[in-house]
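K.L.:
Chain residues, written in single-letter form:
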Amino acid sequence: MEETIIAYRFDRLEETLSQLNKANCAIVAGGTDVMVMHKSRRGVPPKITKPIIFIDHLLELKQVNQNGNDLHIGACCTYSELLRDPLIPMPLKKAIKTIAAPAIRNRGTLGGNICNASPAGDTLPLLYVYNAKLLLRSVNGDRIVPICEFIQGVRRVQREPNEILTEIILPSVLEEGAHVVFEKVGNRNADAIAKVGFAGYIRTKGAVIEDVRFAFGAVGPTMIRSNEIEKKLLGKTIPVTDMDIAKVVAAFDKIIKPIDDQRSTAIYRKTVALNLLRYFLTNSTHIQHI
Amino acid sequence: MNLKNISTSVPKKDHKGKVSGQLAYISDVKVENMVYGVLYRSPIAYGKIKSIQLPDLPEGYEAVGAEHITGPNYVKIIKEDQPIFANEWVNYIGEPILMLVGKDLDILYRLLDEVKMELEEHQAIFTLDEAIKQKSSPGVTMASYEFGESLESISAIEQGACQIIEEEYNTGYQEHVYLEPQGMLGIYKEDEIVVQGSMQCLYYIKNALITALACGDDDVRVVQSPTGGGFGGKEEFPSMMACHVAVAAKAVKKSVMLVFDRSEDMVVTTKRHPAKLKYRTALDKEGNIMSMCVEVFLDGGANVGLSSVVLQRALLNSAGVYKIPHFHAKGYVLKTNTVPNGAFRGFGAPQSFAGIESHIGHLSKRANIDPLDYKRKYLVQQGDPTITKGNFRDPILMEDMIEDLLNASNYKKKKAEFQTFNQQNQRYKKGIGTSLFLHGCGFTGSGERDHIKAKVKLYKSKDNQVSLKISNSDMGQGIFTTLSKIVAKELDLPYEEVLYPYPDTKEVPDSGPTVASRTTMIVGKLLERAAKKLKAQWLTGVEQEVTEDYVHREMIPWDEKTFTGDAYPAYSWGVNFVEVEVDTLTGNVKLEKVYANYEVGKVIDDRVMKGQIDGGLAQGLAYGYLEKMTSKEGRIQQKSITDYGPPTSMDVVTIQSKVFDNPYADGPYGAKGAGELTLIGGAPAVQAAIEDALQTSFQQIPITPEVIIESLWMKEGEEG
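Chains as they are written, first to last, in full-length UniProt numbering: chain A, 1 to 290; chain B, 1 to 720.
The following block holds chain B by itself, in its conformation from the complex (with noise of 0.2 angstroms):
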């Protein structure tokens, strides 16, 4: 197939594979001389291991634990603050302390439901309203980050404004609920430890298991195997469970096969970070905008993880896709004794949209304007300067997006009609809501240059064949398709002649993570590039290699400390209206209509993005009014996908979608990222629709049946 338009969809390069049901994941592995390896983790929240009691053990099974680690005891992420695993504090319940392997899984189950351990526990954090109450007290505080106008000239515009509205709003966990779980194995070689499994960045677990084996760059390599969903969850977890296996196959001189079955998973695996938004905003008499404080608490969990990082997008999305006069923020990612929250889809991002359309939402109804109106008097334009004194120096095309959605749901009409329902059914009440996002692409400020210094090669063979040599996973986005049209067509090659093999440490060098919305816009482009030099040098029948290394374009420089500067180098974006009907009598929400237009430069293909449109979406709209999970003292509550409770084919509708072209210099074709895009305006738009369709205000996500029936109740109750 030879590619006119890059956007024509081809088959998925993994698709007969998958829809066969023949490809194997890490679960359907089986090496020689394999044995399975099960965790111990901590029963309790917080405290201390006083002693460990192991069962006797019959022969062929041992325990691992941190005395077989070479290496410093923790999984190398940012900070050195996660054991692989806890020999004397714990600080979650579900944090391993040790594994015990052995041939056959039901003798390791007994076995560990034999171990016996002393503990002195101590008084644990459990919640974040806790902790932002302890947020002084040393080690709660993990992270924190301040910027915006000074607080002194905030408060003078305070003093002058008409009134000053305070909001407070919450956001839950979310869970991933990729569907294959997590799964790893350590394959034991004189040599070498391999390590395989399900992931979304090879060189992430490589620099972990070489700082926890205390080994050489040769003495460890990592495969990825077919990877059924990782949406974040999938980023810097497996680093863990890489460090559990290798070290296991190290000591026991055998492969060690980790895998989680569903309700393990979802028990001890990184969630979306709860947050807790603060909004104290100063009006004029007409009810415009003077000036903006927001304040974000981030639960990291028991350990910081990738938070901190999670916490600067959230606060660089803070003031959402608007021009606020006065603008400041500050942020805290606190410490309780829970399950470590990490990366999802949409990084921090999905928390602080949800927070700042909710609230701009409940400004415009103060103001008595359209919340659409309302939101479009401070929609920022080309060349407005960002919240850090950055640039949006591309063309916006939101606008065009939001007229045509204006046009294609009929919103005025719409409304009306809305209104006339609703007054004649006493049961059921429709509703409109709307949402206006983007997302940075990338990495945030220098990562790019300063830390993952992506480098990518194309090989290619005597006879003639190219492959691609990238550390990024295909976890089903399909990379493994726009990745190959892209060097396709710059070489001119039939698209199923390009081969993409599953990446090997060994094979590859580090392009990077597959994160951040990056792999197509930074990685793509990079291969644009690789793809062009191989061609001006190509040598029918000679085996050749080409490498590219990435190149900053300096913009504003970013400046960590200050928080100034382009944080991204590009930005997408995103407006989704959306149609609701809420039963009064139950709480439900029935979803009628989804409306989403998207900005992300060029489509690499239709397909692969119709499938992060609608995926994306239907997470995003999840997140805000379906799915819930809770924790109780420190225990996940929710063990089964059926009792969290993910959108199921019976709950999302056609969603009717659009993409708008605007090529972006430094992506392939113009390409930007737009993966993570897709979810962030869905929790947003539903909650904009049910306070419509109930005529009041929540704050908070997600918009439960619960939540609705309490407000309905209490609104009730007041009224009698």
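Okay, chain A solo, but in the shape it has when bound (with noise of 0.2 angstroms):
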């Protein structure tokens, strides 16, 4: 029983791109979330239907570049590479370390995290309070789409057949000012699908809140982030008083709604979810006030 995978590796974006807009392809970027899907079991290779199509190697998607203030990050840099490069932020570094082991990491890009849109990706509450925005292109032209509206649903985003993710930007990340904060909460230190996801991110101006953020990640089908509830902070001045984060936390507590599964309760993640907010507003408007 000979099996003919159809596999394209090719040195050019270009040619990548037009190989994609003839046939639909699995893309392969480092590999290490499309190979655990389509796993069978013991001593059967993966099924992959579709021909497979490898972008790993594409020098175009492993760029870092900083464009003014805002910060351009190829879609297929591994983890590994990010954590080496000046230009990538703490809080970045921080979320990639604690993504899996160093093997993963030497694999596994940004871009595929995004891609594989898991409710609980490593990076995606990081993205969303940076508002990243997603580069895509195709052979008819490029598009940018916030994160927040590419992905759509558990492993749902919306990416055309032919398109191929390329770049994410971090709009203003290089500004000074914002502090931002990410906390993963796994079962053990490596290894670990996320629990609970958190970040959160504020701008002051003297001691007015000019811009605040927060998502959380494994609590939702996609991370939950709300303007509405951000909205109501904007102007007040720090710290944050009780009752605003009391409101805040409830206001959150309404629209978090995890669930129980094998990994941990829906009451421990709303929990903890909730206690990583109500410290954030409590400590990081205290820090900024001194």
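No lab work stands behind these hints: they were computed from the structure.
Since the model is a prediction, treat every value here as computed from it, not as a measurement.
Be aware that one or more of the hints could be misleading.
To spell it out: a stretch of chain A is covered by chain B in this simulated footprint if at least three of its residues, at any positions, have a beta carbon under 8 angstroms from a beta carbon of chain B; those stretches are [said to hold, decoys possible]:
id	segment
1	39 to 52
2	183 to 192
3	266 to 274
With a straight-line Cα cutoff of 25 angstroms, these simulated BS3-like cross-link-like pairs (lysine-lysine) come out [claimed, not checked]:
id	chain 1	residue 1	chain 2	residue 2
4	B	Lys-365	B	Lys-414
5	B	Lys-4	B	Lys-610
6	B	Lys-278	B	Lys-389
7	A	Lys-93	B	Lys-590
8	B	Lys-535	B	Lys-457
9	B	Lys-103	A	Lys-39
10	A	Lys-270	B	Lys-632
11	A	Lys-47	B	Lys-639
12	A	Lys-39	B	Lys-639
13	A	Lys-97	B	Lys-457
14	A	Lys-257	B	Lys-610
15	B	Lys-590	A	Lys-270
16	B	Lys-593	B	Lys-365
17	A	Lys-47	B	Lys-103
18	B	Lys-610	B	Lys-535
19	B	Lys-103	A	Lys-97
20	B	Lys-30	A	Lys-39
21	B	Lys-457	A	Lys-94
22	B	Lys-639	B	Lys-4
23	B	Lys-48	B	Lys-103
We put the CB at the ideal spot given by N, CA and C, even for glycine.
Join the two chains, each given in its own frame, into one complex according to the hints.
P.N.:
If you want it as structure tokens, here you go:
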């Protein structure tokens, strides 16, 4: 029983896009999710029905550039490469360090983490509070989509079959003044899938809150973020009052609806998510004050 | 390398093959005319099989089931309650019903999906609590023992007590997570069936095969292949797989390979018994213990397997390392329709030590005495009776070991520092906890004399090469190395020149199973004696063979019916101190410092011992706070290592350990058992440390972040 697997590995992005335009392919960057998703039982190779197209080696997708205060990260930069890159902000490095273990970090890519769209994707809460924008390219040209629109549900993304995610743009991330916190709660310190993820972002002018953002991971089908709740804090002064903190926490309490599964319980996830939020509001605004 | 001091480390015998990745494990093996086997398993927890409909099998594909078993349809362990292939009743989800064999695994998996079965489902028992409620119903209590002072006299003491404290404590599953999942190959030959695989107990398997195949001693042969970890998980479970491949090989006249992948292994193989322990303790005015009653309930799973023996060890350790003035214990193994539970490093003792250390710790809080001070008041001493009217006849170094750790950890100062830290830090809380424990070495009671009857052989070839001929498995724990060292030293030979090939029942006598921390102490001693004998008879250039049989040193005879006498020939001892930092927002526990002192008679190899300490303690600590396995309506929920969560190198800190010398006359060079001991103190110490950090009490392990958050949340709720 010979099985034929069609796989493409072009030298240039252009050729890759042109092939993608001809046929629907399974895109493999690091492969750390694709291989697990298509895993067969022992002794049988993974079953990927579509032709495979490798993009992990494409130099066009492996650059990190600064553009004003924006940061452009090539989608196929591996986590290990990002950890070594001086332009990558510390909170993102902190998030990356919590991902799996060195072997996976040597293969896995930031673009892969986004396109895999796991509810527990480790970098996603942070990318959401950074207001990450995604550059998608096809033979027809480029388009830019905010991450919160791109990810639509569990493992569901708004990518056309002929498109490749080429760049992650973090707008104004290199600007001074913002305080960003990332927390991953897993069952152990490596090779763990998040039970709760949290990212908080705050920028103040003097004692006035100019911008504040929160995102929660692993407590719903996608990251939970609410512009409406965030807006309530704009223009307030720090330290945020206990009453305002209570209001924000209560508002998130209404929209965070986690589930019980083999890794944790709904009540735990919710309690911890709100604990981290409360802690961020209490402490980060204090730090800013000093 | 000639050995001056037996403890000095040498390169492990299997080092090169393992480090280079060259060593072939069973799943790497391919033999001529080999097919694969896959198991069709019960989809329900309890019910009757009405009919089975097989798909059309392509040529070369066959189904093997109960009708192919020549002997009786059970796996010989202790009781005849475990079918090789269930053909009438199924008792748990995942119970093997039949095997499909053929060349291509892909086709086999497809065929497996096409098997249809009609079942009559019956009301299953899913949890230990349900089983406890039904323990008088027929078949639910699978084993039970009771011993100690009469309940009448205990009750008289309780009447004079100032207060009676009752506590209930629960322990969870633990999964072995050996690196190499279970695997077994049945090699078909015209005149014999050879079973080769990952295993701890060659003769358990051989005896099971003789029964299942209803054949003679020479018709089956068992060979151990390199074994990537056992921890007890490869004690009795491989006997079932061996029966599967042997029955199938005989039926299809081909060699049959059965290897589990990780998720299958996690869902269907034995686990550590979940347990419930109940304590009822009478205290006087000052908080001193007057009497204690302990009840132990073990979740046996769907069949009894080794559970009765596990219960014995759980009960024998139910008073911990303490001399309790008046003591009574009773225990049960109860049946549930869940995956059978079985042997796991510690064998019932980890549950008991977690429970008793927790209970004594809580009593100390009531008495307002530091837990360690309180525990030391009750510590057994040399010459004291055991709870079964045996005797602690050898010197006990616990006080020295405790003092040493008090100094090493700066215990008193730490406690004060942590108090200040905890007052100042809202989010993180630090704590320190201790555990005191022992482990009875070797089989319980007269097991060695009555059941095992170990025999060892040394063979010397014409060119003076000496080989160990014993049935014990090196599963990574290092006995290739330690036992070879003992023989080399006795014979004054370089260690490298003493051979210890993977055992094959055609070549080796039954020196017993590789379990119960018995190998170094019992088999090692026999080898030491055999080597002495060979040395005395040594003739250069002549082929020679010596054997040595187990000799029982009679102490206070063990009576299993009354549970009296010396339960073990000797005890190994340990003290653990653990420091943690708890994140009160997430409930995550971070180990900060781990100190461990042990006394195992004499260390045979420093590095091998350190391997046992670091691995055993990591496994024991994780049992207390990290590893979590649950069953939902008879189905194991955690099917991957990630979801189950054993510790990684990022979770464990450097373990600062010391081993104290206290040579034991009946062990080689004074050595006693060490392998299981190292696990036992981890969970109770980590629990005590978490309790110290949070100033609260827990009644269960593992104390997961979920448990911690619930406890903190409830506390707030009560206050509010």
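K.L.:
Each hint needs a verdict: does it hold in this structure or not?
P.N.:
Taking the hints in turn, this is what the structure says about them:
| no. | hint | result |
| --- | --- | --- |
| 1 | 39 to 52 | holds (count 5) |
| 2 | 183 to 192 | holds (count 8) |
| 3 | 266 to 274 | holds (count 4) |
| 4 | Lys-365/B / Lys-414/B | holds, 18 angstroms |
| 5 | Lys-4/B / Lys-610/B | holds, 20 angstroms |
| 6 | Lys-278/B / Lys-389/B | holds, 22 angstroms |
| 7 | Lys-93/A / Lys-590/B | holds, 21 angstroms |
| 8 | Lys-535/B / Lys-457/B | holds, 14 angstroms |
| 9 | Lys-103/B / Lys-39/A | holds, 20 angstroms |
| 10 | Lys-270/A / Lys-632/B | holds, 22 angstroms |
| 11 | Lys-47/A / Lys-639/B | holds, 21 angstroms |
| 12 | Lys-39/A / Lys-639/B | holds, 14 angstroms |
| 13 | Lys-97/A / Lys-457/B | violated, 53 angstroms |
| 14 | Lys-257/A / Lys-610/B | violated, 47 angstroms |
| 15 | Lys-590/B / Lys-270/A | holds, 22 angstroms |
| 16 | Lys-593/B / Lys-365/B | holds, 23 angstroms |
| 17 | Lys-47/A / Lys-103/B | holds, 19 angstroms |
| 18 | Lys-610/B / Lys-535/B | violated, 31 angstroms |
| 19 | Lys-103/B / Lys-97/A | violated, 43 angstroms |
| 20 | Lys-30/B / Lys-39/A | holds, 23 angstroms |
| 21 | Lys-457/B / Lys-94/A | violated, 58 angstroms |
| 22 | Lys-639/B / Lys-4/B | violated, 48 angstroms |
| 23 | Lys-48/B / Lys-103/B | violated, 31 angstroms |
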